[in-house]
Amino acid sequence: MNEGVVWLTIFILSVFVGIEVISKVSSTLHTPLMSGANAIHGVILLGAIIVTGSTDNNIALVVGLIAIVLAAVNMVGGFVVTDRMLQMFVRKKPTAKPAEGIEK
Amino acid sequence: MIPVWAQLLYLLGAVCFILALKGLSGPKTARNGNLIGAFAAVLACALPFFYADLDHVPLILAAIAVGTAGGVYGARTVQMTQMPQMVALFNGVGGGAAALVALLELHEIVELTDAGFDVEGFTLVATAFTILVGSISFAGSIVTFAKLQELMTSRPVVFPGLPILFGGGFLGAVVLSVLLVREPTMWLGIVIGLLGLLVGVLLVMPVGGADVPIVISLLNAFTGLTVAAGGYVLSNTLLLVAGTLVGASGTFLTLLMAKAMGRSVANILFGALKGGSTLGAGEASDRPVKSAGPEDVAIMLGYADKVIIVPGYGLAVAQAQHTLRELVDLLIARGTEVDYAIHPVAGRMPGHMNVLLAEAQVPYEQLIEMDEINDDFKDADVVLVVGANDVVNPAARNTPSAPIYGMPILNADQAKAVVFLKRSMRPGFAGIENELLFEPETTLLFGDAKDTLGKTLTAVKAL
Chain A
1 MNEGVVWLTI
11 FILSVFVGIE
21 VISKVSSTLH
31 TPLMSGANAI
41 HGVILLGAII
51 VTGSTDNNIA
61 LVVGLIAIVL
71 AAVNMVGGFV
81 VTDRMLQMFV
91 RKKPTAKPAE
101 GIEK
Chain B
1 MIPVWAQLLY
11 LLGAVCFILA
21 LKGLSGPKTA
31 RNGNLIGAFA
41 AVLACALPFF
51 YADLDHVPLI
61 LAAIAVGTAG
71 GVYGARTVQM
81 TQMPQMVALF
91 NGVGGGAAAL
101 VALLELHEIV
111 ELTDAGFDVE
121 GFTLVATAFT
131 ILVGSISFAG
141 SIVTFAKLQE
151 LMTSRPVVFP
161 GLPILFGGGF
171 LGAVVLSVLL
181 VREPTMWLGI
191 VIGLLGLLVG
201 VLLVMPVGGA
211 DVPIVISLLN
221 AFTGLTVAAG
231 GYVLSNTLLL
241 VAGTLVGASG
251 TFLTLLMAKA
261 MGRSVANILF
271 GALKGGSTLG
281 AGEASDRPVK
291 SAGPEDVAIM
301 LGYADKVIIV
311 PGYGLAVAQA
321 QHTLRELVDL
331 LIARGTEVDY
341 AIHPVAGRMP
351 GHMNVLLAEA
361 QVPYEQLIEM
371 DEINDDFKDA
381 DVVLVVGAND
391 VVNPAARNTP
401 SAPIYGMPIL
411 NADQAKAVVF
421 LKRSMRPGFA
431 GIENELLFEP
441 ETTLLFGDAK
451 DTLGKTLTAV
461 KAL
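Chains as they are written, first to last, in our numbering: chain A, 1 to 104; chain B, 1 to 463.
One chain only, chain A, in its complex shape (with noise of 0.2 Å):
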């Protein structure tokens, strides 16, 4: 098989997943979501360390470590933020309703 045409395969495939995972998502959670998704495209992160990691030019080397600066700042900021909105979600818990229609 076509090495690029795997590549192709991930990348359609990741598309309707996407799509599908968050489709019934309720209006509510819009703000969490998207903030939890950008944190997600915070893990460029990983591809900042490869390059940085893999150079022996010194511009390149600053440029590198800029890049790690950003990109951690939006993974961790993410991450962090979105649990402080979800917290509020769940801090109160709704008074649970008595039990109805239990029967032997």
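Simulated from the structure, these hints should not be mistaken for lab results.
One or more hints might be untrue.
Think about it this way: if two alpha-carbon atoms lie no more than 30 Å apart in a straight line, the pair counts; the simulated DSBU-like pairs of lysine-lysine are [stated by the list, open to error]: (1) A:K24 x B:K28; (2) B:K259 x A:K24; (3) B:K455 x B:K259; (4) B:K416 x B:K306; (5) B:K22 x A:K24.
Here's a subset of chain A near chain B, in silico, CB distances under 8 Å, partners left out [what the hints assert, rightly or not]: (6) V5; (7) T9; (8) S14; (9) G18; (10) L46; (11) G47; (12) G78; (13) R84; (14) F89.
Each residue gets a CB set at the ideal place from its N, CA and C atoms; glycine is no exception.
Chain A is fixed; fit chain B onto it per the hints.
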């Protein structure tokens, strides 16, 4: 070549990201979903230290520490009302990071081709794409941040020649990308990046008012696609999958948000260029209205059987959500039926209001979404509109020329009485006059919402 065990762990990370998005789209699973995503991201970033022969490890770790400290500080200290611009900022730096990574990759590619190696054409296409779209996302997000933070006007900025400059900049970048694919050089990559910055600024400039948050979502999707392309360039499946997931779900989410506002994405981006933005005059009217004091409002609320609260961004700005909750608790204790009607775009982003009210510990079940509560307004004795405006503006239903025409609104005008808590007669975020303010059943209570709600609370207690 990445060892198989590391590839399998990358696969695990990709699966975790899918589960994270899945979790984030349900209220019960959302927090765990986010934690799964964070776990996968940390795992993925730790992997190269174990299989790749990395240089400069101490410097890399220091840079990660700096970024982590900055991210945690920003995320912990940001006010809930400023959440949208924080997300914009995080998105922007992510896009910037991706563009820089692609520039570094280009640097290596140039060295390879100089040494006589052949580089696959599509790798160069993906590299150019990452540089261009990453820069667009970076510059666009920074302008969005400045608009929401009110460092600059939130109104659409349009000047003659903007479409030409925008189109020219974009076309120029595409042409240079083609040249780069034919013959990769470093300066071409840098110029593409600079043109991307220009295009990003010009893309967001004409977007104003309530549309800005939707642009954040769109730029978020852009950054996702950038990361996906970066993953291809680096031959890293995890980056490809994670970026594509965010790109696809982000695009879909943008469409959902635009639909909730009754607008198309094209109209949001380019509407101002032909004069159809949601932003109108933005001037205060001097037409007569009926205003009242907190005591009068207290009597209306205290003797009502059914009250519906319509919270808006003004409530959050005044930090009045706690006082409002106290007032609602008191009314419920007096036997009044009280619900909160949540418009899909209340606040500044879809779902933003839910976050703000949850912060004030308003029970989740009191928050009713628009579609479910709209039929109840005609039975309501009083509708209390706190710092909201556009979401109850009947012009969205009745005036085809109004910029917000077609946006679904809350049927507050069908209630027996409407009380607006407002700071002034200035129009809402969309900048258009609200006819409901001048209706005979409408009462206005002017002042800072926290202050007026506090006085109303005291007056209800005294009833």
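Hint by hint, here is what the structure shows:
no.: 1; hint: A:K24 x B:K28; result: 14 Å, holds
no.: 2; hint: B:K259 x A:K24; result: 15 Å, holds
no.: 3; hint: B:K455 x B:K259; result: 38 Å, violated
no.: 4; hint: B:K416 x B:K306; result: 10 Å, holds
no.: 5; hint: B:K22 x A:K24; result: 9 Å, holds
no.: 6; hint: V5; result: 11 Å, violated
no.: 7; hint: T9; result: 11 Å, violated
no.: 8; hint: S14; result: 4 Å, holds
no.: 9; hint: G18; result: 3 Å, holds
no.: 10; hint: L46; result: 5 Å, holds
no.: 11; hint: G47; result: 5 Å, holds
no.: 12; hint: G78; result: 5 Å, holds
no.: 13; hint: R84; result: 6 Å, holds
no.: 14; hint: F89; result: 5 Å, holds
The structure is inconsistent with the numbered hints 3, 6, 7, although it conforms to all the rest.
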